[in-house]
Structure formats: C-alpha cells, structure tokens
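Put together the whole structure using the sequences plus the hints.
The listed protein sequences derive, respectively, from chains A and B.
Heads up, the first sequence is in the working numbering, so the first residue is 637 and it goes up one at a time.
Heads up, the second sequence is in the working numbering, so the first residue is 3 and it goes up one at a time.
No wet-lab data here; the hints were simulated from the structure.
Bear in mind that the values here come from a model prediction, so they are computed numbers and not experimental data.
Please note that a few of the clues may not be correct.
Think about it this way: if two alpha-carbon atoms lie no more than 27 angstroms apart in a straight line, the pair counts; the simulated DSSO-like pairs of lysine-lysine are [said to hold, decoys possible]: (1) A:K704 / A:K637; (2) B:K80 / A:K745; (3) B:K80 / B:K19; (4) B:K80 / B:K17; (5) B:K13 / B:K80; (6) A:K637 / A:K745; (7) A:K678 / B:K19; (8) A:K678 / B:K80; (9) B:K17 / A:K678.
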Amino acid sequence: KQEVTQIPAALSVPEGENLVLNCSFTDSAIYNLQWFRQDPGKGLTSLLLIQSSQREQTSGRLNASLDKSSGRSTLYIAASQPGDSATYLCAVSPPGTYKYIFGTGTRLKVLA
Amino acid sequence: GAGVSQTPSNKVTEKGKYVELRCDPISGHTALYWYRQSLGQGPEFLIYFQGTGAADDSGLPNDRFFAVRPEGSVSTLKIQRTERGDSAVYLCASSLNPHGTGGPPETQYFGPGTRLLVL
Numbered sequence: 637k638q639e640v641t642q643i644p645a646a647l648s649v650p651e652g653e654n655l656v657l658n659c660s661f662t663d664s665a666i667y668n669l670q671w672f673r674q675d676p677g678k679g680l681t682s683l684l685l686i687q688s689s690q691r692e693q694t695s696g697r698l699n700a701s702l703d704k705s706s707g708r709s710t711l712y713i714a715a716s717q718p719g720d721s722a723t724y725l726c727a728v729s730p731p732g733t734y735k736y737i738f739g740t741g742t743r744l745k746v747l748a
Numbered sequence: 003g004a005g006v007s008q009t010p011s012n013k014v015t016e017k018g019k020y021v022e023l024r025c026d027p028i029s030g031h032t033a034l035y036w037y038r039q040s041l042g043q044g045p046e047f048l049i050y051f052q053g054t055g056a057a058d059d060s061g062l063p064n065d066r067f068f069a070v071r072p073e074g075s076v077s078t079l080k081i082q083r084t085e086r087g088d089s090a091v092y093l094c095a096s097s098l099n100p101h102g103t104g105g106p107p108e109t110q111y112f113g114p115g116t117r118l119l120v121l
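And the structure:
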C-alpha cells in the first residue's frame with residue numbers, strides 16, 4: 637500500500653531564505669507526482685506536476701525534483717516571501733489509476 | 003475561465019440526516035474526482051469519474067456514500083444517515099484526462115471544498 641510522508645510537518649523561516657520541503661513515498665511505481673499549495677480554509681492550488689519519466693520541473697521560484705528509485709521528491713523554494721506561507725502537499729498517482737495519494741503536508745510560515 | 007466550484011461552501015446537519023454536495027468542474031474536463039480532508043490530514047480519495055461513469059470508487063468508505071455524474075459534467079456526492087465521523091471538508095477536482103490513450107493523468111484542479119459538520 638502506497639504511503640506518502642512529508643517532513644517537516646511545520647517550518648518557520650525568515651523572509652528571503654531558500655528552503656527545501658521533503659516528500660517520500662513507499663512504492664516507487666508511480667505515474668506522476670504533484671505538489672500543491674493549500675491556504676487556510678481553501679482548496680488546493682497545483683504548483684508543479686512531475687511525470688514519472690521526468691526528474692524535475694521548475695516554475696518561477698519553485699523547483700521540484702523527483703527520484704523515483706529512492707521514493708523521494710523535494711520542493712525547493714527560492715527567496716521565500718511571507719506570501720508563500722501555506723500548507724504544501726505532495727501527492728503521488730499509482731500506475732493504472734488516476735487518483736492521488738496525499739501526504740499530510742508541511743505547514744510553512746515565512747516571517748516578514 | 004471559471005475554476006471548479008462547489009456548493010454549498012458550508013453545511014451543518016444532524017446525525018442521521020441525508021446530505022448532497024455539488025461539484026461543477028471546469029468546462030470541458032472529462033475527469034472528476036471527490037476527496038475528503040479531515041483536519042490536519044491530506045485529502046483522501048473517494049471516487050473518480052471519467053465522463054458519466056465511476057471509473058474507480060474504491061475510496062468510498064461504505065454504502066452510505068454515493069456519487070453521480072449523470073451528464074458527464076456536474077457531480078453530486080450523496081451521504082445517507084450521516085454520522086459525526088463524516089464531518090470533514092469534501093473536495094472536488096477535475097482534469098483533462100487522456101482516458102483510453104494510456105497516458106499519464108493531467109494536473110488536477112481543485113475546488114474550494116464543502117465543509118460538512120454533522121452534529
């Protein structure tokens with residue numbers, strides 16, 4: 637059974653820092669991996685999607701990498717800003733299905 | 003364009019009652035998903051529709067939960083004889099899925115959710 641873990645559960649950093657959020661999954665057989673952002677009381681916003689054949693994706697200050705063989709992904713946020721404060725969730729899609737299995741998220745707070 | 007919308011945004015009901023939660027996906031998206039998110043947890047998959055049919059309902063917790071998508075667009079999640087443990091945020095997502103081509107899933111776009119509280 638696929639399980640997704642995110643470490644740390646919470647993180648507080650000063651503005652301007654570069655930071656890394658970690659996601660690990662127990663079964664390396666995945667279709668793709670997607671990183672989401674969730675603001676309090678809101679739905680999820682897609683940040684980056686990495687297909688199983690890819691190793692990384694970039695969007696602005698965000699870079700996500702995928703190492704399928706070791707069951708890990710990292711989300712790198714450069715020059716963090718207070719507006720980046722949110723919960724970040726990673727999710728993997730098992731092959732042959734279209735559903736996502738989510739981690740419990742990392743609550744990020746960027747201090748001004 | 004408009005994103006995924008869900009109604010109502012909040013629903014309070016009493017134990018034992020029946021509730022319906024509605025999802026309007028992004029126009030043209032053939033795939034629709036329902037997830038449930040409890041406090042402090044990530045979303046849990048409930049059911050996935052491709053067009054009008056439920057392609058995967060393996061996440062529905064029991065037979066009190068049922069979902070339909072009769073015209074391949076709007077979907078309704080129905081919960082019978084609600085229990086306090088059903089309290090959660092119910093999230094809907096949609097995507098352009100190349101179903102049948104064997105390709106990987108596309109990005110899922112989520113709605114704001116319906117917050118259900120069963121008293």
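Enumerate the violated hints, using their earlier numbering and listing them in ascending order.
-> 2 and 6
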